[in-house]
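Participant: These are the residues of each chain, in order.
Number of protein chains: 2
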Amino acid sequence: MSETPPAEPLAAQAAAQASAARAAQRALGSAPPAARTRALERLAELLGEREQALLAANAKDLVAAERDQLAGPLLKRLGLTSAKLATLREGVSALAAGSDPLGKPLRKTELDEGLVLTQVTSPLGVLLVIFESRPDAVIQIGSLALRTGNAVLLKGGSEALHSNRALVACLQDALRDAGLPAEAVVGVEGRAAVGELLEREHDIDLVIPRGSGELVRSIQQSTRIPVLGHAEGVCHLYLDAAADPEMARRLAVDGKCDYPAACNATETLLVHEAFLGQLGPVGAALRDAGVRLHADERAQAALSAAKVECELAQPEVWGREWGDLVLAVATVDSIEDAIAWVHRHGSGHTDAIVTEDPAAAERFLSAVDSASVFVNASTRFADGFRYGLGAEVGISTGRIHARGPVGADGLLTTRWLLRGQGQAAGDYGPGKRPFTHRALELS
Amino acid sequence: MSETPPAEPLAAQAAAQASAARAAQRALGSAPPAARTRALERLAELLGEREQALLAANAKDLVAAERDQLAGPLLKRLGLTSAKLATLREGVSALAAGSDPLGKPLRKTELDEGLVLTQVTSPLGVLLVIFESRPDAVIQIGSLALRTGNAVLLKGGSEALHSNRALVACLQDALRDAGLPAEAVVGVEGRAAVGELLEREHDIDLVIPRGSGELVRSIQQSTRIPVLGHAEGVCHLYLDAAADPEMARRLAVDGKCDYPAACNATETLLVHEAFLGQLGPVGAALRDAGVRLHADERAQAALSAAKVECELAQPEVWGREWGDLVLAVATVDSIEDAIAWVHRHGSGHTDAIVTEDPAAAERFLSAVDSASVFVNASTRFADGFRYGLGAEVGISTGRIHARGPVGADGLLTTRWLLRGQGQAAGDYGPGKRPFTHRALELS
Numbered sequence: 007m008s009e010t011p012p013a014e015p016l017a018a019q020a021a022a023q024a025s026a027a028r029a030a031q032r033a034l035g036s037a038p039p040a041a042r043t044r045a046l047e048r049l050a051e052l053l054g055e056r057e058q059a060l061l062a063a064n065a066k067d068l069v070a071a072e073r074d075q076l077a078g079p080l081l082k083r084l085g086l087t088s089a090k091l092a093t094l095r096e097g098v099s100a101l102a103a104g105s106d107p108l109g110k111p112l113r114k115t116e117l118d119e120g121l122v123l124t125q126v127t128s129p130l131g132v133l134l135v136i137f138e139s140r141p142d143a144v145i146q147i148g149s150l151a152l153r154t155g156n157a158v159l160l161k162g163g164s165e166a167l168h169s170n171r172a173l174v175a176c177l178q179d180a181l182r183d184a185g186l187p188a189e190a191v192v193g194v195e196g197r198a199a200v201g202e203l204l205e206r207e208h209d210i211d212l213v214i215p216r217g218s219g220e221l222v223r224s225i226q227q228s229t230r231i232p233v234l235g236h237a238e239g240v241c242h243l244y245l246d247a248a249a250d251p252e253m254a255r256r257l258a259v260d261g262k263c264d265y266p267a268a269c270n271a272t273e274t275l276l277v278h279e280a281f282l283g284q285l286g287p288v289g290a291a292l293r294d295a296g297v298r299l300h301a302d303e304r305a306q307a308a309l310s311a312a313k314v315e316c317e318l319a320q321p322e323v324w325g326r327e328w329g330d331l332v333l334a335v336a337t338v339d340s341i342e343d344a345i346a347w348v349h350r351h352g353s354g355h356t357d358a359i360v361t362e363d364p365a366a367a368e369r370f371l372s373a374v375d376s377a378s379v380f381v382n383a384s385t386r387f388a389d390g391f392r393y394g395l396g397a398e399v400g401i402s403t404g405r406i407h408a409r410g411p412v413g414a415d416g417l418l419t420t421r422w423l424l425r426g427q428g429q430a431a432g433d434y435g436p437g438k439r440p441f442t443h444r445a446l447e448l449s
Numbered sequence: 007m008s009e010t011p012p013a014e015p016l017a018a019q020a021a022a023q024a025s026a027a028r029a030a031q032r033a034l035g036s037a038p039p040a041a042r043t044r045a046l047e048r049l050a051e052l053l054g055e056r057e058q059a060l061l062a063a064n065a066k067d068l069v070a071a072e073r074d075q076l077a078g079p080l081l082k083r084l085g086l087t088s089a090k091l092a093t094l095r096e097g098v099s100a101l102a103a104g105s106d107p108l109g110k111p112l113r114k115t116e117l118d119e120g121l122v123l124t125q126v127t128s129p130l131g132v133l134l135v136i137f138e139s140r141p142d143a144v145i146q147i148g149s150l151a152l153r154t155g156n157a158v159l160l161k162g163g164s165e166a167l168h169s170n171r172a173l174v175a176c177l178q179d180a181l182r183d184a185g186l187p188a189e190a191v192v193g194v195e196g197r198a199a200v201g202e203l204l205e206r207e208h209d210i211d212l213v214i215p216r217g218s219g220e221l222v223r224s225i226q227q228s229t230r231i232p233v234l235g236h237a238e239g240v241c242h243l244y245l246d247a248a249a250d251p252e253m254a255r256r257l258a259v260d261g262k263c264d265y266p267a268a269c270n271a272t273e274t275l276l277v278h279e280a281f282l283g284q285l286g287p288v289g290a291a292l293r294d295a296g297v298r299l300h301a302d303e304r305a306q307a308a309l310s311a312a313k314v315e316c317e318l319a320q321p322e323v324w325g326r327e328w329g330d331l332v333l334a335v336a337t338v339d340s341i342e343d344a345i346a347w348v349h350r351h352g353s354g355h356t357d358a359i360v361t362e363d364p365a366a367a368e369r370f371l372s373a374v375d376s377a378s379v380f381v382n383a384s385t386r387f388a389d390g391f392r393y394g395l396g397a398e399v400g401i402s403t404g405r406i407h408a409r410g411p412v413g414a415d416g417l418l419t420t421r422w423l424l425r426g427q428g429q430a431a432g433d434y435g436p437g438k439r440p441f442t443h444r445a446l447e448l449s
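Protein chains in written order, with the numbering used here: chain Y, 7 to 449; chain B, 7 to 449.
A portion of the hints provided could be inaccurate.
What the hints assert, rightly or not - No more than 30 angstroms apart at the CA atoms, straight line, and that leaves these computed lysine-lysine pairs for DSS-like: (1) K66/B / K90/B; (2) K82/B / K438/Y; (3) K438/B / K90/Y; (4) K114/B / K438/B; (5) K114/B / K110/Y; (6) K90/Y / K66/Y; (7) K110/Y / K110/B; (8) K438/Y / K114/Y; (9) K114/Y / K114/B; (10) K438/Y / K90/B; (11) K82/Y / K66/Y; (12) K82/Y / K438/B; (13) K66/B / K82/B; (14) K110/B / K114/Y.
Stated by the list, open to error - Derived list of chain B stretches under chain Y, where covered just means 3 residues or more per stretch with a C-beta under 8 angstroms from a C-beta of chain Y: (15) 373 to 386; (16) 407 to 420.
For the record, the hints were derived by calculation from the structure and aren't laboratory data.
Note that CB positions come from ideal geometry on N, CA and C, so glycine has one too.
The following block holds chain Y by itself, in its conformation from the complex (with noise of 0.2 angstroms):
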């Protein structure tokens, strides 16, 4: 790190760039939609021809990394490729080649005769994004930010501080080459800065922490800015008395096995007491599968009838985001006391039935108040691919703007255009002039 500058002055630089962007967000985001697609157009082969170039900055970084230990999983996602790099230009191709997002009627009024009001989308402004380790990301969300005409201040992980560098630098040529300020597309270096920029609530409209739920917990706690993202994901399989069990053996494996360091996994498994008789072959799956389950006490006493060894449950483990093969089960008495287990125990990210009771389903989809409730299906659905909302740019447990997974639609606002030929709001009101008020075609 020895080529990172006193953090200081970092963090003075970063609060300039970020006064820069705002200006150079408005001219991106009101710029022609070409032009914002020849950017990308422009990205796609910059990502092309400076492949070898992108392979040695990443080298450096992966040198650096193996000497100071960078556990496996750590350095995995650091490295580039020329197949990953492969993937991240079809990316930007097709966000090129796809739809401008911008000035997109939403809704369209006439207030009065020649006086008509649109609702159109706009780029919501600056956005700060702090990722860690992986490269790509830049990429990804630098792309997703210059089609949705946002500024964009890209804080990775220092580890990657090689490759970031390179990476920003094809985002800033490509806006240049296509008449655009590259200014909207900042590189942030150093924690100094990061501190500095979260202050800045007037530079900044969102920011977008992607990583453990340790750094989104941290970084909500440390500014005003709205934060999307989530903290915990802390999900639950509810096996209703009318499960199929089968289906809940499957689901129950799914939810906790398929990733478990993922946020939309498994980590409670509620059990209607009528369902426990059947609880032992889903217990010999989940042990088989290599999971460790903690379970309170009809529960344990269900699992070891079936001869499944348990450890029994201390309330400390309700609620908990194991990220692992560990799981805890516990037993209510009622769908109603299941859904209260959810909303006491849960993060509100994703929460599921199993039931072939259609009652059961409705009620449990209705009353559940996570951003995604399913029904018969595995948790792990709740991603943005999955949902297929394009790239996804997070996972929002808040309820303001954006909830769920989020897709480009979560970077943008809206603004109200008004077009009339002179008219006074004091000609209109009671005794006056009505509104007309006609809901227009949207064109």
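Place chain B on chain Y using the hints.
Facilitator: Chain B in isolation, oriented as in the chain Y frame:
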């Protein structure tokens, strides 16, 4: 205020009520639509049945206010009358008759055969609404919260204590009579209670301050909970080189004089230098309407030539929200200068251009980064009722969640409901089952 208990118990009570409101909200939001409709119908009935008691409670507040020498306009807003109550009943009945906004599908996608995702509207959660003086707001906001399935903590001004208590009781009794939890509506009293609530970001999802910019600003600065509102309305009217002089005159007078205290009143007139020769009649009309002008040197010269007196503008007049019959007048050399001026000095609320040049109109509409952007219409049109949104929750200058005039939609979020037949996520992916991602008709 002798009836107000000491601050600390009030604060503790408010905190407990906020926690209880979350549970009550979940019951309210997942109840059948007919139950919420019944509660609204009952509210309209109660407002009629209790008219004498409501007016008597209000009379107590009015006596105290006169004793405390409350200013005339505040006194007028504080007063309830039979006519005001009738208007409130009409509004509540209209909401009861209207369609239920919850569970409305916004997007429906088949992920695979027998695996259907629906994004549906849901209540936002628990709202804290802080307002001044006008007790009507209790019913307007309370009924809107009820229709949208939200719990609401209502903090009115202490000068309306008795009126607010009586109105909150109507809301609570209406809920109870409809078999819904009365705890979904809470009357909050005392500053200490508000301070306590503003720290409870896990119990409260959105703060809506309705009142002065000072109130909004102070709340924004003292909470991490998202705040919906606008601290300032610094609206510009730009007279383009191609402005129609008569229209310029009319829109300047309406924008400034129709209701100078409103947030959508015009505060600065921007004048293209090519229009200066026609500024005289605009200035004369403003002067005749009682407006004091602060103009820059070029505008002052143009006004003087037309025998319109004005003060020479000092730097602090730019970007100032007068809230009164005062207007700043600045000269710009081009439409681009006007746009840059709006971005530098405006508050992103509402800005308008007067022009007969379609290219200038479209440039202004696409480039000005404000919640509302108008062509040839008064800035005073920026208003939820005028936009046809029905009840107005507030006007937001924030870019997250809702922007500009906000109707009932601003009190909603979404949930993602997935109905499957036992699908596991591990069965999908490269080399396995593909997703269909087929858009389905909204039913």
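Participant: Taking the hints in turn, state whether each one holds.
Facilitator: Do the hints match the structure? See the list:
For the given pair, K66/B sits about 17 angstroms from K90/B by alpha-carbon distance, which is consistent with the 30 angstroms threshold. Proposed proximity of K82/B and K438/Y is supported: the alpha carbons are some 24 angstroms apart, at most 30 angstroms. Distance hint between K438/B and K90/Y is fulfilled; the C-alpha atoms sit about 21 angstroms from each other, no more than 30 angstroms. Among the hinted pairs, K114/B with K438/B is consistent with the structure: their alpha-carbon atoms are about 24 angstroms apart, no more than 30 angstroms.
Our distance criterion of 30 angstroms between C-alpha atoms is met by K114/B and K110/Y, whose separation comes to about 20 angstroms. With a C-alpha separation of about 17 angstroms, the suggested pair K90/Y and K66/Y falls inside the 30 angstroms cut-off, and the hint holds. Our distance criterion of 30 angstroms between C-alpha atoms is met by K110/Y and K110/B, whose separation comes to about 22 angstroms. At most 30 angstroms may separate the alpha-carbon atoms for a hinted pair to count; K438/Y and K114/Y meet this at roughly 24 angstroms.
Distance restraint check for K114/Y and K114/B: the Cα-Cα separation of roughly 23 angstroms lies within the 30 angstroms cut-off, and the hinted pair is therefore satisfied. Annotation: proposed proximity of K438/Y to K90/B holds, straight-line Cα distance about 21 angstroms (limit 30 angstroms). At most 30 angstroms may separate the alpha-carbon atoms for a hinted pair to count; K82/Y and K66/Y meet this at roughly 14 angstroms. For the hint linking K82/Y to K438/B, the alpha-carbon distance of about 24 angstroms falls within 30 angstroms, and the restraint holds.
At roughly 14 angstroms between alpha-carbon atoms, K66/B and K82/B fall within 30 angstroms of each other, so this suggested pair holds. A distance of roughly 20 angstroms separates the Cα atoms of K110/B and K114/Y; the hinted pair therefore holds under the 30 angstroms criterion. For the stretch 373 to 386 of chain B, the assignment as covered by chain Y holds, since 12 residues bring a beta-carbon within under 8 angstroms of that chain's beta-carbons and 3 suffice. Coverage of the stretch 407 to 420 of chain B by chain Y holds in this model, with 6 residues showing a Cβ closer than 8 angstroms to a Cβ of that chain against a need of three.
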